[in-house]
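Protein chains: 2
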Amino acid sequence: MLPFKTLIVIDESSTTAVYRQVSDQLVVMISDGVLQPGTFLPSTREMASLLDKHRNTIVAAYEELITQDWIEPLPRIGIRVSLNLPLIKPRSFQEDGKNRTYSSPAKFNFKQNIPGPTANHFPLKRLSIVVNDGFPDADLAPFDSMFKEYRKLLQGTKLKKLMSLKDFGGTPALKDSTVNFLNNSRGLNISTDNLLITRGAQMAIYLAAAMILKPGDNVLVSDPSYYIADEVFKQMGANLIRIHVDQDGIDINGVENALKSFKISLLYVIPHHHHPTTVTMSQSRRTRLLELIRSYQLPVIEDDYDYDFHYNNSPVLPLASSDHDSNVLYIGSFTKLLAPSCRIGYLIGPANFIAQATNLKRLIDLRGDTLMEEALSAIINSGELDRHIKKSKKIYSERCDHTALSIQKELSHAVNFTKPHGGMALWLKFKPEYPLGDIISKAHSSGLLFTGAAYHEGADQKHNGIRFGFASLKETEMHNAIKILREITM
Amino acid sequence: MLPFKTLIVIDESSTTAVYRQVSDQLVVMISDGVLQPGTFLPSTREMASLLDKHRNTIVAAYEELITQDWIEPLPRIGIRVSLNLPLIKPRSFQEDGKNRTYSSPAKFNFKQNIPGPTANHFPLKRLSIVVNDGFPDADLAPFDSMFKEYRKLLQGTKLKKLMSLKDFGGTPALKDSTVNFLNNSRGLNISTDNLLITRGAQMAIYLAAAMILKPGDNVLVSDPSYYIADEVFKQMGANLIRIHVDQDGIDINGVENALKSFKISLLYVIPHHHHPTTVTMSQSRRTRLLELIRSYQLPVIEDDYDYDFHYNNSPVLPLASSDHDSNVLYIGSFTKLLAPSCRIGYLIGPANFIAQATNLKRLIDLRGDTLMEEALSAIINSGELDRHIKKSKKIYSERCDHTALSIQKELSHAVNFTKPHGGMALWLKFKPEYPLGDIISKAHSSGLLFTGAAYHEGADQKHNGIRFGFASLKETEMHNAIKILREITM
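Sequence lines, in order, name chains A and B. Number 797 marks the last residue of the first sequence (this note's numbering); no jumps. Number 797 marks the last residue of the second sequence (this note's numbering); no jumps.
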């Protein structure tokens with residue numbers, strides 16, 4: 308409710324009747340847009356008490372306003388500001404600009420041209436199927452266990468104490484659980500000093516880039532690469548140098564040539580199920596890359612968002628678990644393990660780097676979501692996360708097989724793809740005679756919306772490819788999506 | 308589980324027996340720290356299947372390792388890497404540095420000296436009472452309703468569709484609810500184009516500062532001011548110019564003089580229950596400040612974290628609801644309304660500024676917590692948030708009265724304070740003969756931990772003040788805290 312006591316000032320010495328002073332000031336508030344059409348006013352009794360006036364005064368003021376059509380009584384509900392105001396039409400608020408506090412654009416200096424998402428003008432209601440970038444299936448996520456933990460935490464005093472700690476880089480329990488989880492699953496050899504808990508992998512990429520890059524720095528990325536990471540580096544003022552990717556991962560000769568030719572401040576790699584192409588970097592390239600990292604003392608962001616989902620082969624250990632002389636920053640997330648709405652990720656690095664990154668994270672986000680962090684720690688420690696990963700892996704592996712088979716059968720005239728060793732998406736490269744822009748828009752007309760990363764505009768035209776996230780698609784959805792793609796490409 | 312299939316390579320043509328090849332390679336993994344003490348190995352049957360060898364081969368390999376004390380069988384549980392490894396003591400991993408991937412500090416360039424929290428070396432277990440900076444009481448928060456919404460959302464397909472939208476600035480439902488909530492409670496006149504949903508007010512401050520400030524810019528802040536905002540501005544490379552605060556808020560003559568003398572890029576103000584001093588800016592100063600904002604076209608961050616909790620007086624409308632010619636960015640949060648773990652805040656500004664700020668937020672945090680945003684929207688729309696605010700306000704108002712009375716009675720020899728018009732904390736200024744550093748450490752020895760903002764070091768020595776958050780303190784806790792303070796000051 309508005310602070311009417313402050314807003315309505317009564318001058319007892321005025322020649323204007325008190326009820327008219329009240330009604331006049333309410334008219335000003337309504338015509339200024341402070342009281343908007345549809346807003347309910349306090350009852351006459353409440354308003355009388357707020358203003359410390361007799362109730363009859365307020366009744367008279369309200370009656371005046373009702374007569375003038377400024378307010379309207381709704382029997383048994385209350386009195387509201389009229390939806391159709393006399394004289395002033397809502398539109399005019401915007402046109403003359405006088406009453407809208409933000410009617411004009413900001414004229415002060417601020418950063419412009421920050422890259423944003425391409426617009427998505429597709430009304431979702433009409434659509435039958437959404438194919439995403441490769442999200443986990445939230446139906447599988449152990450939300451019940453997490454909610455049970457939430458309740459437990461809210462009943463005790465533990466949460467209150469946790470909020471009093473000055474651990475801005477994640478709750479102590481989650482840091483311990485994550486260190487164990489990563490050391491056991493990835494052969495890392497880290498302690499909590501090497502770990503910062505973030506909101507999803509995206510914040511970890513942003514923090515690492517903000518810590519390392521200055522305007523004009525050169526960053527090596529693959530061609531193509533995860534486009535939102537590209538945008539982060541550009542936002543820091545960096546130049547991107549793109550290195551070709553083939554079926555064995557990023558081209559190491561290309562990396563070496565770039566290192567010989569330019570001063571390189573950062574390399575961004577995704578060795579497991581590279582985004583968007585889904586290829587896994589071969590063991591021999593990893594070995595060579597590690598040699599380059601050590602000899603050039605090259606800072607690296609290793610984005611390993613997809614490590615836990617490998618189907619046919621065992622995963623290869625991350626670069627971060629080999630000898631990199633403290634140059635590899637390792638990034639991953641629990642989001643892909645649980646559900647897109649559970650955004651908890653991590654940044655691993657040398658202790659001196661992590662200490663400063665933790666300070667920067669505090670300036671952006673204070674302490675994160677303590678409740679979710681504690682609940683996640685509990686399901687890691689109880690073994691539920693491992694069980695969940697096993698179960699999901701089985702289901703996603705089947706979905707991967709079915710989707711690949713079905714695309715092979717129905718779409719081989721139009722797309723090339725290689726079934727990945729793991730992950731949650733296929734990388735569909737449409738043949739040049741099927742320009743992806745057309746495919747996306749025709750698919751949409753047929754009720755299929757792609758929200759996955761698409762690479763087909765400008766310099767990306769040569770890829771003509773899109774991510775087809777299968778992990779969250781039920782079998783019928785997958786078949787219907789492919790059926791639509793077949794129809795529009797035949 | 309580690310990818311043993313990849314890690315253990317068997318050479319069938321070697322003269323070394325296969326079981327010894329397996330055991331030798333496991334020894335290397337253990338001594339390299341890839342397999343850490345206490346880690347469970349796969350059962351012989353599982354390992355045999357992983358490596359595609361006969362089970363007897365693995366039994367022989369394991370027996371070899373047991374004999375050498377590398378691994379130990381736990382009857383009916385499994386086989387784990389020995390806690391006390393032969394030859395190599397865990398400590399040596401760190402000392403020679405060879406096996407720890409992050410044993411040396413990062414040598415590449417990265418931002419240093421990012422301000423961090425002052426260490427809090429106080430073991431919480433020993434403490435009986437924690438007095439915070441002014442947090443809401445999580446016991447009052449409508450978590451049950453929020454969890455009910457979580458479940459509802461997880462059962463339907465709505466969440467999946469929401470995750471497919473490209474609305475990175477908050478879910479459409481929460482944006483609508485927040486616009487209504489703010490227009491109705493604060494007399495704003497905004498649309499969703501003026502709103503960005505963030506993680507708490509902290510992210511809103513960071514985003515606004517990152518958008519406006521360049522290294523060397525001058526920022527006006529109060530003396531004292533919210534210290535983490537100070538740190539954000541410093542992190543952007545800005546110079547802080549401090550303006551005195553008295554019982555009517557920030558000194559407007561000081562602001563005007565600074566505007567006359569320097570190029571000012573930003574003013575940061577907290578008109579309601581200023582942090583840390585809790586004073587509310589007077590109406591006449593607001594009017595003068597708005598004149599200055601318009602005539603100097605001065606960009607302003609108005610941090611209104613505490614608007615909804617006013618006890619004795621009505622709140623004064625924010626600067627953002629008056630004519631500021633699109634120069635005031637308005638920041639607030641639902642965190643203070645609900646619980647410290649529900650971190651949802653907002654940034655309000657001109658549409659062109661908000662569009663770019665939304666892009667920047669996407670690079671840092673993608674889409675936020677969709678589940679929590681939808682649940683919050685539901686409890687705003689159902690009226691539950693308003694009921695919750697009313698209920699909390701009553702309780703906090705009583706706690707404010709009791710705490711103020713009690714401090715007046717027990718501590719007036721040592722502290723000065725003015726009971727605030729609202730908010731969740733008192734600003735206790737200790738008299739010079741009670742240096743705050745001593746008070747804090749003596750209090751801690753007696754089982755009372757202050758986690759609220761303390762201003763007593765360096766240039767802040769003149770304040771010698773600390774925030775005493777009363778809103779989350781039960782009556783006994785409050786009395787005990789004050790009793791301890793009395794004892795150590797008598």
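Mixed in with the good hints there might be a few duds.
Which copy is meant is left open, so a pair is good if it fits within one copy or across any two.
Said to hold, decoys possible - No farther apart than 30 Å at their CA atoms in a straight line, the calculated lysine-lysine pairs in the DSS-like style are these: (1) LYS459 - LYS541; (2) LYS567 - LYS726; (3) LYS467 - LYS716; (4) LYS726 - LYS360; (5) LYS459 - LYS697; (6) LYS467 - LYS455; (7) LYS769 - LYS716; (8) LYS541 - LYS418; (9) LYS701 - LYS570; (10) LYS473 - LYS726; (11) LYS700 - LYS567; (12) LYS467 - LYS360; (13) LYS473 - LYS570.
It is worth saying that the hints were derived from the structure and are not from the lab.
Hint-by-hint comparison with the structure:
1. LYS459 - LYS541: For LYS459 and LYS541, the Cα distance exceeds 30 Å both inside one copy (44 Å) and across copies (40 Å).
2. LYS567 - LYS726: neither (35 Å within a copy, 67 Å between copies)
3. LYS467 - LYS716: between (57 Å within a copy, 28 Å between copies)
4. LYS726 - LYS360: Result: close only across copies, 27 Å inter versus 77 Å intra.
5. LYS459 - LYS697: This pair counts as both: shortest intra-copy Cα distance 26 Å, inter-copy 26 Å.
6. LYS467 - LYS455: both (18 Å within a copy, 23 Å between copies)
7. LYS769 - LYS716: within (24 Å within a copy, 78 Å between copies)
8. LYS541 - LYS418: Result: close both inside a copy and across copies, 13 Å intra and 18 Å inter.
9. LYS701 - LYS570: This pair counts as neither: shortest intra-copy Cα distance 44 Å, inter-copy 62 Å.
10. LYS473 - LYS726: For LYS473 and LYS726, only the inter-copy Cα distance (28 Å) is at most 30 Å; the intra-copy one is 46 Å.
11. LYS700 - LYS567: neither (41 Å within a copy, 65 Å between copies)
12. LYS467 - LYS360: Answer is neither; intra-copy 44 Å and inter-copy 53 Å both fail.
13. LYS473 - LYS570: Neither, since 38 Å and 36 Å both go past 30 Å.
Checked against the numbered hints given earlier, the structure breaks hints 1, 2, 9, 11, 12 and 13 and satisfies all the rest.
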